[in-house]
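J.: Protein chains in written order, with my numbering: chain G, 114 to 373; chain R, 30 to 328; chain C, 401 to 767.
Read the hints as simulated data drawn from the structure, not as lab findings.
Treat the hints loosely; a few may be bogus.
[As the list claims (entries may be wrong)] So the derived list for chain R, only partly shown, Cβ under 8 Å to chain G, looks like this:
no., residue
1, Val41
2, Ala43
3, Ile53
4, Phe136
5, Leu141
6, Ile143
7, Ile147
8, Leu150
9, Leu259
10, Thr262
11, Pro264
12, Ala270
13, Phe277
14, Ala285
[Stated by the list, open to error] In silico negatives: residues of chain R with every beta carbon more than 10 Å from chain G:
no., residue
15, Arg38
16, Gln42
17, Ala46
18, Arg87
19, Ala133
20, Gly191
21, Glu193
22, Val213
23, Ala238
Remember, predicted model here, so these are calculated numbers, not experimental data.
Idealized CB from N, CA, C, for every residue including glycine.
Given next are the chains, with one letter for each unit.
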Amino acid sequence: MLLAPALQLIWGSLVRDGSPTLANWVDVLTSPRHQREIVGTLLLAGVSASVATLIGTPIALLVGRMPAVRRSGWLALLNVAANIGGIGLGFALVATIGSVGMVTLALRGLGVPWTPPPVDSFEGLVLGFAYTNVPLFVILTLPAFGILRDDWAEAARVSAASRTQYWRRIGLPILAPFLGAGWLLIFTWSIGIYSLAYALAGTGGVQRVSLMTLRIGTTIQSDVFSTWRADVLAVILLAFALVALWSYRLLLRRGARWFR
Amino acid sequence: MSAVWRLARPLVQAGTAAYLLLPILAIVLFSLATRWTSSILPSGYTLDHWTAAFGDPRLVAAFARSIGLALGAAVLDAVLVVPAVYWSRVRNPRIRTVLQVSAAIPFALPYLVIAFGILTLYGGNPITAQLNNTLPELLLAHTAICFPFMYWAVDAAMSAAGIERLAEAAETCGASPAQTIRRVIVPNILPGLVSGGILVFATSFGEFAVVQVLIGGSFETVPLWQADALYSTNPRFDELAASAVATFGLLFVLSAIVVAADRRWAARFRRGGVTAAPPIVETGAAIAESPTQIADSPT
Amino acid sequence: MSVRVEGVSKRFGAVQALADVSLEVRDAEMVALLGPSGCGKTTLLRMIAGLELPDAGRVVIDEAEVTRVPARRRNTGMVFQSYALFPNLTVRDNIGFPLEVRGRPAPDVRARTDELLELLQLTAQGDRYPNQLSGGQQQRAALGRALAPSPAVLLLDEPLSALDALVRSTLRDEIRRVQQQLRITALYVTHDQSEAMAIADRVAVMQHGRIEQIAAPSELYDRPATRFAATFVGSRNAAELAVVDGRVRLGSAFEVTVPAGTTRAVAFFRPEDVELVREGPPIGDSSGSSGVSSGPAAGQPATIEVRLFLGATTRFDLATEVDGGIARLSADIPTRDAAGLDVGARVRFRVAPGLVQVFPVEPGGGA
Chain G
114 MLLAPALQLI
124 WGSLVRDGSP
134 TLANWVDVLT
144 SPRHQREIVG
154 TLLLAGVSAS
164 VATLIGTPIA
174 LLVGRMPAVR
184 RSGWLALLNV
194 AANIGGIGLG
204 FALVATIGSV
214 GMVTLALRGL
224 GVPWTPPPVD
234 SFEGLVLGFA
244 YTNVPLFVIL
254 TLPAFGILRD
264 DWAEAARVSA
274 ASRTQYWRRI
284 GLPILAPFLG
294 AGWLLIFTWS
304 IGIYSLAYAL
314 AGTGGVQRVS
324 LMTLRIGTTI
334 QSDVFSTWRA
344 DVLAVILLAF
354 ALVALWSYRL
364 LLRRGARWFR
Chain R
30 MSAVWRLARP
40 LVQAGTAAYL
50 LLPILAIVLF
60 SLATRWTSSI
70 LPSGYTLDHW
80 TAAFGDPRLV
90 AAFARSIGLA
100 LGAAVLDAVL
110 VVPAVYWSRV
120 RNPRIRTVLQ
130 VSAAIPFALP
140 YLVIAFGILT
150 LYGGNPITAQ
160 LNNTLPELLL
170 AHTAICFPFM
180 YWAVDAAMSA
190 AGIERLAEAA
200 ETCGASPAQT
210 IRRVIVPNIL
220 PGLVSGGILV
230 FATSFGEFAV
240 VQVLIGGSFE
250 TVPLWQADAL
260 YSTNPRFDEL
270 AASAVATFGL
280 LFVLSAIVVA
290 ADRRWAARFR
300 RGGVTAAPPI
310 VETGAAIAES
320 PTQIADSPT
Chain C
401 MSVRVEGVSK
411 RFGAVQALAD
421 VSLEVRDAEM
431 VALLGPSGCG
441 KTTLLRMIAG
451 LELPDAGRVV
461 IDEAEVTRVP
471 ARRRNTGMVF
481 QSYALFPNLT
491 VRDNIGFPLE
501 VRGRPAPDVR
511 ARTDELLELL
521 QLTAQGDRYP
531 NQLSGGQQQR
541 AALGRALAPS
551 PAVLLLDEPL
561 SALDALVRST
571 LRDEIRRVQQ
581 QLRITALYVT
591 HDQSEAMAIA
601 DRVAVMQHGR
611 IEQIAAPSEL
621 YDRPATRFAA
631 TFVGSRNAAE
641 LAVVDGRVRL
651 GSAFEVTVPA
661 GTTRAVAFFR
671 PEDVELVREG
681 PPIGDSSGSS
691 GVSSGPAAGQ
701 PATIEVRLFL
711 GATTRFDLAT
721 EVDGGIARLS
731 ADIPTRDAAG
741 LDVGARVRFR
751 VAPGLVQVFP
761 VEPGGGA
């Protein structure tokens with residue numbers, strides 16, 4: 114159910130009008146439009162994953178140290194946020210930071226000379242992706258924070274280390290592979306986000322941000338004679354995802370090497 | 030130094046809470062607002078959008094379809110995953126690798142790509158092509174993409190319950206594999222099964238790409254309805270807001286059940302030593318894998 | 401350098417972890433804190449390390465009050481129960497860590513870690529990571545890290561509890577050797593009374609957040625000051641007896657006087673102090689120095705229920721009828737004198753009154 118479609122896509126990307134060819138790949142890779150989409154996807158996923166890591170790490174640290182009851186409450190909230198997605202979230206974000214969104218109106222009302230970026234701009238998409246990505250990152254990495262044992266921090270204190278010294282020498286090096294792994298998961302997740310991007314950036318008219326998923330979507334629906342474009346783009350997505358996932362496993366193994 | 034740390038904590042908490050809650054608050058207000066264009070808060074409140082939204086048979090039908098589809102995927106996944114994981118743990122560890130790889134694929138492959146792959150795969154052959162654009166195909170596709178959530182939840186639950194030893198004990202008591210699963214395994218992994226099922230449900234319920242590509246408008250689910258409400262020539266923003274709030278509410282209730290199930294479970298299986306944060310959700314288990322092992326083996 | 405706590409108390413919620421505890425560890429002395437889990441011994445240790453703040457009282461290290469001084473400025477060395485070795489650092493870097501964070505120059509750190517690796521016989525393992533070491537090696541590495549900054553006091557929190565029996569006794573002796581060689585003041589937390597007795601100059605027996613008795617091991621063994629100390633130290637027979645005419649007696653095995661005003665008392669006596677008297681003619685060449693004598697029917701009659709071979713001694717579990725009830729006790733007899741004493745045999749036993757400790761039982765129970 115899962116492997117066969119992937120193979121079918123690879124096959125499809127190598128065939129045009131019934132005969133095998135590499136022309137599909139050449140066409141896609143040399144087309145400035147598709148190049149923009151590939152770069153746009155990678156950039157958006159990279160920035161989104163970095164934002165999620167930078168914001169998510171302190172939150173995970175905090176939530177991980179909470180007493181059980183309070184932690185459950187936060188987890189429920191994070192869970193909802195991580196699972197909210199797609200059209201509903203897209204619309205909620207428009208209602209919050211759109212041109213007549215609540216926050217936009219509030220800022221205007223307070224006379225703050227700053228308006229949130231348009232939701233269909235790159236910054237807007239980063240902000241939108243972050244809404245699910247940050248909670249997802251927290252939920253994904255929270256178990257890893259459990260490996261930081263309290264007595265390491267205590268041993269460091271008794272050893273005369275400051276909190277900063279502890280984090281620099283012990284805490285972060287131990288966590289780094291797991292944070293990196295979290296980054297990769299969010300990256301993988303972000304390159305494949307479709308419905309939220311669809312809701313925020315739309316498909317028709319002038320698109321400010323070019324994304325591979327959006328292109329695949331429009332190709333499937335409206336461009337039935339050149340689905341090979343979608344095939345090639347899907348295989349590229351697949352390749353990115355596989356590389357990211359492979360690095361993820363590598364990183365996890367690295368992270369676990371001190372614990373075997 | 031430590032003053033900075035002490036100050037940072039409530040600031041981070043408040044900031045996170047605001048960030049997570051603001052859009053929800055905004056859309057709740059939006060669904061209740063009469064007119065809301067220029068002031069910080071709406072100028073008036075009404076339940077009209079809610080009655081309009083849920084008085085619309087199209088949306089009600091979409092909710093019914095989404096719920097049915099999600100339930101179907103959850104049940105199918107449970108029926109497939111429990112025996113498979115049990116077998117992989119008790120009898121044949123080699124299946125484990127296969128299961129783990131299958132669980133990784135839906136996370137690595139964008140749903141859109143999977144959907145597209147399925148479509149072209151079946152489309153290439155006149156017999157299988159009949160399956161395209163049908164409900165069974167959609168149900169199977171959702172079962173497949175939601176499989177990892179069930180797999181991780183059940184696998185973690187079986188590991189926590191020490192299913193290998195339970196199975197051996199049941200076998201020495203003379204139980205058949207089917208009896209063992211029904212009488213011993215399932216009761217012991219119930220919280221994991223419940224949280225896995227809920228995650229499958231939530232994922233399937235909110236899934237947009239696969240439904241759009243595989244079946245499109247002929248089986249309108251809630252996300253499809255929402256997309257249509259957003260982009261149709263005559264947008265229905267107010268009802269969209271109401272439907273989104275209803276979806277969020279459903280999600281929140283489900284999440285609360287997951288967390289509660291997890292806590293009961295954690296209390297039941299709590300073991301001495303380092304207690305890692307429970308892998309609450311879905312993919313959490315992916316990273317959790319190694320730390321759990323760390324916590325289990327004394328260093 | 402000495403360590404002193406004066407009247408410290410600590411409460412965790414409803415639990416009184418420490419109640420007005422005072423203790424002094426003299427220069428180069430090793431004191432063991434002995435007690436069951438939850439008695440407050442670890443809390444006391446962590447308080448000296450600076451990992452817990454007392455609700456009341458003072459902590460003094462080397463004649464300077466450090467009650468409110470953060471852990472990292474106290475100059476203590478601590479070995480954790482779990483070792484708490486940093487998994488991402490090699491053994492060498494773990495040991496060097498306290499020096500490094502104190503900003504010592506690299507050559508000094510290197511020299512000191514080399515010295516400690518040598519002292520702890522870890523030179524060959526210096527570049528390994530903690531997970532590549534055996535339990536005993538991890539324990540020594542943790543000791544090395546604690547010793548590296550030449551701390552004013554070495555704090556050991558159940559350092560051997562994670563090891564198996566064989567390694568445990570070797571390492572116990574090793575810790576003692578290093579402590580005496582470096583003449584370092586040390587506090588050792590354990591729940592194992594034989595470990596405490598073996599390693600420490602003095603043992604402090606703790607219960608319910610209080611120190612019940614602090615004494616040299618031999619004194620503690622021979623003259624426990626409280627009922628709890630008697631229960632906890634050494635393996636002892638205990639019998640709760642009614643006081644009659646200011647005296648308690650266990651049948652005709654012994655009879656001792658108790659302080660005036662006591663109505664019930666508990667008597668403790670050690671298995672090796674129980675003397676068995678065979679019924680009937682003497683067997684073999686048993687003289688008075690052994691635990692078995694024979695002769696006229698003296699002592700309390702009993703039946704052997706269990707016979708356990710312990711090596712040099714053999715343990716007999718006896719049942720005897722006292723005041724209409726059955727009492728059970730253990731007796732340790734040199735194995736060479738134990739021939740012919742089989743399960744079911746009738747014997748008599750007695751205990752020299754001087755070897756029986758008696759503590760009054762208050763009506764509400766307790767010591």
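J.: Run every hint past the structure and note whether it holds.
T.: Hint-by-hint comparison with the structure:
For the restraint placing Val41 (chain R) at the interface with chain G, the shortest Cβ-Cβ distance is roughly 5 Å, inside the 8 Å limit, so the hint holds. This hint is violated: Ala43 (chain R) has a C-beta 11 Å from the nearest C-beta of chain G, more than the 8 Å allowed. The beta carbon of Ile53 (chain R) is positioned within 8 Å of a beta carbon in chain G (closest approach about 7 Å), and the interface hint is therefore held. Taking 8 Å as the C-beta contact cut-off toward chain G, the hint placing Phe136 (chain R) at the interface holds, the least distance being around 7 Å.
Residue-level restraint check for Leu141 (chain R) holds (minimum Cβ-Cβ distance to chain G is 4 Å; threshold 8 Å). At its closest, the beta carbon of Ile143 (chain R) sits 6 Å from a beta carbon of chain G; the interface hint therefore holds under the 8 Å criterion. Taking 8 Å as the C-beta contact cut-off toward chain G, the hint placing Ile147 (chain R) at the interface holds, the least distance being around 5 Å. Satisfaction of the interface hint for Leu150 (chain R) is found here, the shortest Cβ-Cβ separation to chain G being roughly 4 Å, below the 8 Å cut-off.
A least Cβ separation of about 6 Å between Leu259 (chain R) and chain G falls short of the 8 Å threshold, and the interface hint therefore holds. Using the Cβ-Cβ criterion of 8 Å, the hint placing Thr262 (chain R) at the interface with chain G is not satisfied: the shortest such distance is roughly 11 Å. Interface hint at Pro264 (chain R): violated, since its Cβ lies 10 Å from the closest Cβ of chain G, which is beyond the 8 Å cut-off. At its closest, the beta carbon of Ala270 (chain R) sits 7 Å from a beta carbon of chain G; the interface hint therefore holds under the 8 Å criterion.
About 6 Å separates the beta-carbon of Phe277 (chain R) from the nearest beta-carbon of chain G, less than 8 Å, and the hint is met. For Ala285 (chain R), the interface hint holds, the least distance from its beta-carbon to any beta-carbon of chain G being 5 Å, beneath 8 Å. The Cβ of Arg38 (chain R) does not lie farther than 10 Å from every Cβ of chain G; its closest approach is about 6 Å, which violates its non-interface assignment. Against the 10 Å criterion, Gln42 (chain R) falls within the reach of chain G, whose nearest CB is about 7 Å from its own CB.
Listed as outside the interface, Ala46 (chain R) is inconsistent with that label: its C-beta sits roughly 7 Å from the nearest C-beta of chain G, within the 10 Å cut-off. Every C-beta of chain G lies more than 10 Å from that of Arg87 (chain R), the closest at about 15 Å, which supports listing it as non-interface. Annotated as non-interface, Ala133 (chain R) brings its C-beta within 10 Å of a C-beta of chain G; the closest such distance is 6 Å. The non-interface label for Gly191 (chain R) is consistent with chain G: the shortest C-beta to C-beta separation is roughly 19 Å, beyond 10 Å.
At roughly 21 Å from the closest C-beta of chain G, the C-beta of Glu193 (chain R) stays outside 10 Å, upholding its exclusion from the interface. Non-interface call for Val213 (chain R) relative to chain G: holds, since the shortest CB-CB distance, roughly 27 Å, exceeds 10 Å. Not every C-beta of chain G lies more than 10 Å from that of Ala238 (chain R), the closest at about 5 Å, which undercuts listing it as non-interface.
Figure legend: structure checked against the earlier numbered hints; hints not met, in rising order: 2, 10, 11, 15, 16, 17, 19, 23.
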